[in-house]
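S.K.: So you can see what is in the structure, the chains are spelled out below.
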Amino acid sequence: MSTSTLIAWLLAGAPLVGAVGSLLFWSNPDRLKLFSIAWSIVSLGLVAGLSGLVGMLPEGFLPLYLLPLTAMISLLGQPAHADNRLSCVMTLLLLGMGLCVLINQPVVASLALLLLFCVIAGLLYRHHSVLWPMSWLGIGTYALGALCAGLSLAAPAPLSSVASLVASAVLLPLMPFHDGHLTAVTRLPGNLPSFVVLLLPLLGLHGIATALPTIPDTVAWTLSLFALVGAFYGAVKALAQTRVRLLLAYGSLSFFSMLWWFAAATRSATPRSALLVGTVGLATSGLLIAWQVVRTRYGDDVDPQAVSGLAFGMPQYAVLLSLLALAAMGLPPFGVFAGFMGLLLSAPFPSSGGLVITLLAWLAASWYIMQTVQRLLFGVRRAELRYTDVLRTELAALSIVVLVLLALGLAPATFFAPDQTGSAAHSVTGSLVWNR
Amino acid sequence: MTLVLLVPAFLLAAAAIVLVGPDRTRHARAKIAAYPVGIACLGAVGTLYQVATTGPIEIRFYDLSSVAAFAIPIGFYVDRLSAIMMTLITGVSVIIYNYSVGYMFQDRHARRYLAMICLTDFVLICMVSSSNLMMLFLFWQVLSYLLYVLAHNHGHAGTLAGAFKTFTLLRVADTALLAGIALAYQLYGTLEFQELFVRATETPIALSLWPGMEMSGATAVTLLFFVGAMGKSAQFPIHLWLPGSLFAPTPVHALLHAGIINAGGFLINRLAPLFGLSSTTLHVAFVVGTVTAILGASMMLAQNDIKKTLGFSTIGQMGYMIMECGLGAFSLAVFHLIAHGLFKATVFLNCGNVIHKARQEPHFPHVDHQVDEEGLSRLTWFTGFVTTLFIPLLILLVTHGVLRIPLLESQGTVIFLFFIWITSSQAILTLTRLRQVASWKVSAAMLTTLLFIVFVYLGAAEAFTQFLYPNPDDVASYFKAAALPDWMFDLIIIVATVLTIASWSYLYLTAHGRTVRMPAWVEGLRIRLYLPFMNRLYADEMYQLLGNGIMRLVHQLDKLERGWSR
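Chains as they are written, first to last, in the working numbering: chain A, 123 to 558; chain B, 8 to 573.
Since the hints were derived computationally from the structure, they do not count as laboratory data.
Errors might be hidden in some of the hints.
Residues of chain B placed beyond 12 Å of chain A at every Cβ, according to the derived structure [stated by the list, open to error]: (1) Q57; (2) R119; (3) I188; (4) L247; (5) E368; (6) A488; (7) I499; (8) K566.
Ranges of calculated distance between the beta carbons of each label pair, as one might list FRET restraints [as the list claims (entries may be wrong)]: (9) B:R559 to A:R508: 32 to 38 Å; (10) A:P470 to B:M558: 16 to 22 Å; (11) B:M549 to A:P470: 37 to 43 Å.
To give an idea of the chain A side of the interface with chain B (calculated C-beta under 10 Å), a few residues [as the list claims (entries may be wrong)]: (12) Y355; (13) A362; (14) P454; (15) F462; (16) W484; (17) S488; (18) F500.
We put the CB at the ideal spot given by N, CA and C, even for glycine.
Let the sequences and hints guide you as you build the complete structure.
M.R.: Okay, structure coming up:
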């Protein structure tokens with residue numbers, strides 16, 4: 123066994139060992155949460171120390187760092203409670219499987235992916251409610267993902283590529299395979315939504331990095347079309363939402379679709395793509411944690427329209443939520459903006475119409491996110507609400523998200539992929555047909 | 008080089024001083040922070056001197072060959088334009104900051120507010136000294152958000168709605184700017200200003216937007232940039248955010264009207280060589296600016312609220328400034344925005360006193376026509392006649408003969424001078440309200456002062472043009488690019504002349520009790536127009552309708568899809 127394989131197993135195995143070890147603290151939710159956080163930090167340390175010895179991923183090292191970091195943040199942001207024990211253990215389990223998909227050999231990675239699809243579908247089935255019949259669609263989508271992951275392993279070349287692409291479209295949501303994403307973000311228990319919103323898209327990006335270069339033009343064109351429809355659809359649906367988790371799910375779908383459009387145009391997933399996917403996932407994760415803060419205080423089924431004036435009584439929360447909102451809507455100097463600009467400046471636009479739709483979807487994010495945040499933070503201070511500012515763990519979780527997003531916005535794109543050079547400056551000469 | 012970096016650094020330090028520290032020392036820290044703001048101003052003056060004597064200063068913290076590799080390439084390029092803007096911004100900031108310390112004394116949110124003012128100044132300074140489009144866009148965007156925050160009062164519904172409108176409208180324009188940046192990079196492969204100008208000049212590109220319709224690359228890029236500039240400069244029809252943000256504290260308006268709103272004019276000037284490549288964009292700018300100037304000034308006349316009056320006055324002035332850009336008179340636009348900024352900051356900082364005085368004195372503001380007034384004397388009419396009909400002729404001759412501005416070859420200058428004529432006539436028409444001009448001494452003093460002001464202004468504007476654009480060929484090429492078709496040029500000149508002379512004749516005749524036959528609809532026009540202009544042409548309501556329409560459509564689309572939101 124070579125060193126890189128050994129290290130890959132070590133990196134992926136550490137969180138799995140942690141997941142098993144955490145069962146020792148099952149009877150004590152506080153210690154279970156603490157242990158899970160500590161183990162995700164250990165995992166982050168191992169990634170930081172050993173990732174250089176693993177072969178370079180096409181999308182760079184950023185996903186490797188972001189996975190344990192987000193696992194740790196999402197665990198920090200949730201209250202310690204008996205109901206959240208399963209999500210703590212599952213976070214470490216999913217982290218281990220995620221790392222395994224990213225850095226292991228293709229066969230092992232595909233098996234890990236298959237298992238991951240099954241775990242997510244199983245979790246959704248466990249938390250299925252008759253009040254949410256739509257979640258069947260999500261479970262079905264993940265079952266389809268599992269089937270495609272299996273096919274990509276067993277089927278011959280053209281079929282395996284298509285199967286791999288469909289599995290990636292389930293992970294990194296692309297219409298019409300986006301129901302899994304919506305279900306996972308809205309229906310998974312505890313802190314899992316704020317973790318899988320980053321984990322699954324990054325795994326999907328890893329999948330398309332290997333599948334896209336081999337697909338024929340027709341498929342790429344179809345992907346572009348679905349991506350543009352998805353960007354528009356996600357933005358429109360987000361505008362129509364009043365429920366926060368659904369709004370964030372549709373909003374992130376819109377941004378991920380933009381990535382699909384760029385990726386289909388260039389037939390590749392570069393470190394810039396990872397920056398966009400990672401930061402969109404992280405910003406959404408941060409907003410989900412911020413929404414969890416509100417749910418912790420006012421109940422799981424709280425109507426966002428019944429909450430207002432948080433800025434008066436919860437100033438720290440107000441500042442952090444505002445910054446997160448800025449990052450999520452793609453404003454500088456945060457990472458989402460950097461990722462979006464990186465793609466805008468590196469990829470040649472396949473069509474002017476596509477660019478317009480992409481920019482409109484980017485613009486719409488200012489509307490729906492800002493409207494929701496403004497409604498929560500400002501307006502009338504309600505006498506019936508008790509305003510309690512963020513606790514230390516919540517403050518730490520939200521602050522780390524903001525700081526990481528800021529750091530990713532200011533760091534050079536080559537930082538996480540030293541061998542990738544920035545795109546050389548190019549210019550067009552003569553006449554340019556730009557109307558496809 | 009260090010001086011350039013010190014200017015934003017001191018502003019950032021001022022923000023930190025205000026923000027960090029115990030609450031009991033809040034006011035003392037606010038006062039201490041005035042010093043770094045003042046030092047930043049001195050630094051800007053020093054930078055202006057340095058740039059004027061030794062040429063542009065360039066500082067880059069990134070590798071030029073791979074600008075896109077950095078997410079945000081931070082660098083400074085300070086030429087004369089940037090240095091002037093830095094001096095203006097920091098100069099106004101010193102006054103506004105010191106005013107604000109007293110104005111917000113004992114306010115619960117004074118700390119946040121003062122820190123935001125310093126931060127806004129910092130962002131403005133970084134924006135005007137950006138070395139590339141990416142950095143400019145970064146600070147441009149941050150400025151949009153800071154405007155939202157500054158125009159904010161948590162508990163007041165009207166303010167919240169206004170702030171949200173400000174943010175969304177500015178984002179619309181920002182999106183166009185972003186599209187322009189992306190397109191510029193696609194076409195020319197660089198975001199560095201100087202490199203971009205060179206490549207755009209050397210490589211003319213034709214874009215085929217759809218079959219049969221071609222547009223030059225420079226036109227497409229500059230049109231998008233222009234829409235971006237329209238947002239910050241409150242040009243019609245994206246002007247609504249400005250009156251919507253008038254609930255903000257008065258010093259914010261002083262800063263907004265003296266500094267932030269100039270961002271659009273600055274952007275066009277920064278990219279003047281690019282705009283100079285596209286006559287179409289300059290003509291669009293001319294039309295948009297003229298329409299905004301006329302509508303802004305008309306709406307200003309019909310407002311009954313001091314802040315709204317000043318707000319619409321600013322919109323009119325910004326229209327005027329954009330119109331100057333559209334005529335190719337880029338340096339005059341900068342001259343105008345500096346003069347307007349200083350003037351408007353003074354007026355805004357004083358408007359609180361006016362309101363205060365009005366509350367104390369029931370007869371203030373004065374009620375017109377309280378007593379029967381005598382008609383105007385011949386001398387008054389003569390003075391008015393000379394100032395509006397004779398002096399402009401003199402100005403034309405002096406401009407052509409003494410300043411050697413080639414009027415016959417420069418349509419833009421002529422149109423500009425004629426526009427000055429219309430506006431100064433409009434101002435002089437207020438003579439009809441003055442009853443004091445009844446002696447030769449007053450009349451002579453008035454004429455001499457006016458001539459002095461006009462010639463100093465012309466001389467200063469010419470000197471400023473030479474300072475900002477030392478190469479006269481550049482100035483000439485901009486005027487040439489902005490040249491209008493002959494028929495339009497003739498029409499503008501004829502309309503300007505007829506309008507001014509007709510107004511005077513009408514005024515003179517009516518003042519002397521003569522009957523001027525007018526069709527009934529013309530007579531009633533003024534009254535009919537008053538209501539829509541007072542209601543700001545119902546633009547707010549139209550935007551509301553548009554917003555509601557979009558949301559209705561969104562909800563219908565949402566219902567079509569039997570998805571999660573059911």
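S.K.: Of the hints given before, which are not true for this structure?
M.R.: 2, 3, 8 and 10
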